[in-house]
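Given chain B, work out where chain D should sit, using these hints.
Listed here are the chains, written in short residue letters.
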Amino acid sequence: DTGVSQDPRHKITKRGQNVTFRCDPISEHNRLYWYRQTLGQGPEFLTYFQNEAQLEKSRLLSDRFSAERPKGSFSTLEIQRTEQGDSAMYLCASSLQGMDTEAFFGQGTRLTVV
Amino acid sequence: DQQVKQNSPSLSVQEGRISILNCDYTNSMFDYFLWYKKYPAEGPTFLISISSIKDKNEDGRFTVFLNKSAKHLSLHIVPSQPGDSAVYFCAATYSGGYQKVTFGTGTKLQVIP
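Protein chains in written order, with the numbering used here: chain B, 1 to 114; chain D, 1 to 113.
Do not take every clue at face value.
List of simulated lysine-lysine pairs, DSBU-like, C-alpha gap at most 35 Å [stated by the list, open to error]:
(1) D/LYS100 with B/LYS57
(2) B/LYS11 with D/LYS108
(3) D/LYS5 with B/LYS14
(4) D/LYS5 with B/LYS11
What the simulated footprint calls covered on chain B by chain D, stretch by stretch (three residues with Cβ under 8 Å from a Cβ of chain D suffice, anywhere in the stretch; the number is not a length) [stated by the list, open to error]:
(5) 21-29
(6) 47-56
(7) 96-107
Calculated directly from the structure, the hints in this document are not laboratory data.
Where a beta carbon is used, it is the ideal one built from N, C-alpha and C, also for glycine.
Bound conformation, chain B alone (with noise of 0.2 Å):
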């Protein structure tokens, strides 16, 4: 196991668009989070999921946005109608229920809506 995976690493879409990125966890991993980073900011969570119930979501994800893990392995992340202020770093980490405080990020998906 390589570790975290996520694809695309780069997004260039146009405003209004729809996006979709993919997350690949740890395979033993059951809690599955995704986080924002916009320039000059720390990564912001956005929610996490225990196996394939997303158990938290934070206000910064807005209607648009739609996470799912269905089948408690992989994850998307889906954002509807982009806008300009969704240009950010698309961070999916995973942990080890339990061990939550380490967990472990992939590179991220780079998102940029022009």
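Chain D in isolation, oriented as in the chain B frame:
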């Protein structure tokens, strides 16, 4: 509202000397603190952590100090090495909410050979 603050955006240190990275927090509920290191084009990597029941935690060249009364923590790297050049994020969380970690804005450390 920035609950975790890293007021120094950058720091330059000579190789072999001590690097001290500082972090302040405002939320009294935070009881667990972490440092992550991030290289360009990579995700953050967990470095070291400390619980609020301790005031010091050491791991090799890295030591984290916690001053609860001042709501301040610091990361000491001794001796600093060129490979330590990276962005360091201070982060905090709390019992019952360890899944949600609040990060600072980061300090870019440059270790000069």
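Going down the list of hints, with the structure as the test:
Restraint check for D/LYS100 and B/LYS57: the C-alpha separation of about 10 Å stays at or below 35 Å, so the hint holds. For the suggested pair B/LYS11 and D/LYS108, the alpha carbons sit about 26 Å apart, so the restraint of at most 35 Å is met. With a C-alpha separation of about 34 Å, the suggested pairing of D/LYS5 with B/LYS14 holds against the 35 Å cut-off. Of the supplied pair hints, the one linking D/LYS5 and B/LYS11 holds, its CA atoms being roughly 30 Å apart against a limit of 35 Å.
Here's how the region 21-29 of chain B fares: 0 of its residues keep a CB closer than 8 Å to some CB of chain D, so the rule of at least three is not met and the hint is violated. Judged by the Cβ-Cβ criterion of 8 Å, the region 47-56 of chain B is covered by chain D as claimed, because 3 of its residues qualify and three suffice. With a threshold of 8 Å between beta carbons, the proposed coverage of the region 96-107 of chain B by chain D holds, since 8 of its residues qualify and at least three are required.
Comparing the model with each earlier hint shows a violation of hint 5 alone; every other hint is respected.
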